[in-house]
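Each protein sequence line maps, in turn, to chains A, U, C and W.
Heads up, the first sequence is in our numbering, so the first residue is 306 and it goes up one at a time.
Heads up, the second sequence is in our numbering, so the first residue is 306 and it goes up one at a time.
Heads up, the third sequence is in our numbering, so the first residue is 306 and it goes up one at a time.
Heads up, the fourth sequence is in our numbering, so the first residue is 306 and it goes up one at a time.
Incorrect hints may have been included.
Each pair may be met inside one copy or between any two copies, as identical chains are not told apart.
Said to hold, decoys possible - With a Cα cut of at most 20 angstroms, we get these calculated SDA-like pairs of lysine to any residue:
#, residue 1, residue 2
1, K401, P411
2, K401, H371
3, K399, M388
4, K412, H332
5, K368, D395
6, K308, D393
7, K412, Q325
8, K308, D395
9, K412, H371
10, K412, M402
11, K308, D327
To be clear, the hints were calculated from the coordinates, so they are not data collected in a lab.
There are 4 protein chains.
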Amino acid sequence: MSKLIDTAALQAALQEFADQRDWDRFHNPRNLILALTGEVGELAEIFQWISDQDAEQIMLSDKAEHVRQEVSDVLLYLMRLVMVLDIDLDAAVKAKMAMNAIKYPPKHS
Amino acid sequence: MSKLIDTAALQAALQEFADQRDWDRFHNPRNLILALTGEVGELAEIFQWISDQDAEQIMLSDKAEHVRQEVSDVLLYLMRLVMVLDIDLDAAVKAKMAMNAIKYPPKHS
Amino acid sequence: MSKLIDTAALQAALQEFADQRDWDRFHNPRNLILALTGEVGELAEIFQWISDQDAEQIMLSDKAEHVRQEVSDVLLYLMRLVMVLDIDLDAAVKAKMAMNAIKYPPKHS
Amino acid sequence: MSKLIDTAALQAALQEFADQRDWDRFHNPRNLILALTGEVGELAEIFQWISDQDAEQIMLSDKAEHVRQEVSDVLLYLMRLVMVLDIDLDAAVKAKMAMNAIKYPPKHS
């Protein structure tokens with residue numbers, strides 16, 4: 306089965322980025338989860354005072370770039386967590402989707 | 306420049322999964338951010354009463370499978386958010402990493 | 306100026322509760338913030354798939370008790386954090402509301 | 306049984322504050338939970354790169370005021386949520402602590 310998600314190049318780029326800044330010493334699991342919490346909080350703040358209707362159109366607004374940045378930050382800290390825990394993300398995601406398929410049977414196929 | 310992250314197959318699988326369950330009606334941006342908050346909370350709970358030292362060894366413990374599941378859930382809701390907002394995640398991540406490289410100059414290369 | 310919020314009895318009850326279970330050793334600031342993140346996540350999950358309209362009526366639904374429990378859990382971990390950091394919560398809240406009053410001038414009084 | 310937590314004055318002050326700014330229209334439950342998520346994220350960010358040891362001494366550092374502000378913001382949005390949902394916070398907290406006392410029996414009294 307081929308990969309659902311390929312993050313090899315991103316992981317290599319992030320490791321080089323961290324190495325050049327001596328950041329591995331900060332990137333332990335609990336620190337990264339607190340950082341992830343911070344970024345999800347920043348993402349939530351963009352959407353906190355707008356309606357569901359406006360939220361669906363947000364990428365047509367002047368907030369689009371901010372959304373792209375915060376979504377990226379969430380992904381980047383999640384990837385660093387995956388890296389320091391040495392998780393095979395593609396395998397983990399496939400296993401979770403298989404669990405979800407059993408937990409939530411399809412209405413139609 | 307080639308991709309840092311390739312999520313095409315994952316996005317296709319998630320769309321099929323959502324289609325088979327009529328889930329697109331639930332997957333609006335604010336709903337997905339609340340769901341993402343929930344999953345980050347579940348991930349945080351695994352690490353809430355353990356030391357930084359034990360956290361670094363968690364994948365050798367009986368909590369490893371739970372960690373893989375929660376990390377996957379965070380990724381899956383983030384991907385659904387990316388999908389409903391029609392964000393080019395690879396481009397967004399490249400742009401954010403370029404910003405970070407300017408904001409945090411390397412100590413050494 | 307009298308108190309805006311009085312938590313003396315709650316703090317005493319929580320300290321007795323923690324003492325009876327030897328929980329002070331777990332209740333350091335970072336642990337409590339991860340626990341707080343977990344509880345906010347559980348609160349968010351209750352609201353993740355419902356409309357703003359249904360959310361406003363949630364206390365009339367069978368989810369009311371769950372909401373009361375999660376709101377309480379958020380408060381309890383926040384109080385424990387206040388306690389281990391020895392913050393005067395009433396003074397902190399008064400100071401923050403004074404800052405907010407300057408930052409957001411009233412439209413009308 | 307007397308109150309464990311008394312927030313009557315704070316609720317009155319917050320309602321006056323909201324009334325003067327026409328903020329009730331923004332303060333619906335899902336908006337407030339997203340705002341709460343944002344504030345917990347800001348609190349988490351203060352603690353993300355420091356050790357558990359430094360975290361215990363943070364109120365002696367130049368970050369003390371920032372911590373007091375973010376703790377207050379978390380409380381204020383939680384209070385607004387309690388207000389719009391018309392929850393009796395003291396009763397809710399007493400009920401939750403009674404549940405916790407059963408779920409986690411004391412080691413010693």
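Hints, verified against the model:
1. K401 with P411: within (16 angstroms within a copy, 37 angstroms between copies)
2. K401 with H371: Between copies only: 10 angstroms across chains, 30 angstroms inside a chain, cut-off 20 angstroms.
3. K399 with M388: both (18 angstroms within a copy, 18 angstroms between copies)
4. K412 with H332: between (42 angstroms within a copy, 17 angstroms between copies)
5. K368 with D395: between (31 angstroms within a copy, 19 angstroms between copies)
6. K308 with D393: The answer is both: 11 angstroms in one copy and 19 angstroms across copies each meet 20 angstroms.
7. K412 with Q325: between (50 angstroms within a copy, 6 angstroms between copies)
8. K308 with D395: So K308 and D395 pass the 20 angstroms test inside a copy (6 angstroms) and across (16 angstroms) alike.
9. K412 with H371: Answer is neither; intra-copy 36 angstroms and inter-copy 27 angstroms both fail.
10. K412 with M402: So K412 and M402 pass the 20 angstroms test inside one copy only (16 angstroms; across, 41 angstroms).
11. K308 with D327: neither (31 angstroms within a copy, 25 angstroms between copies)
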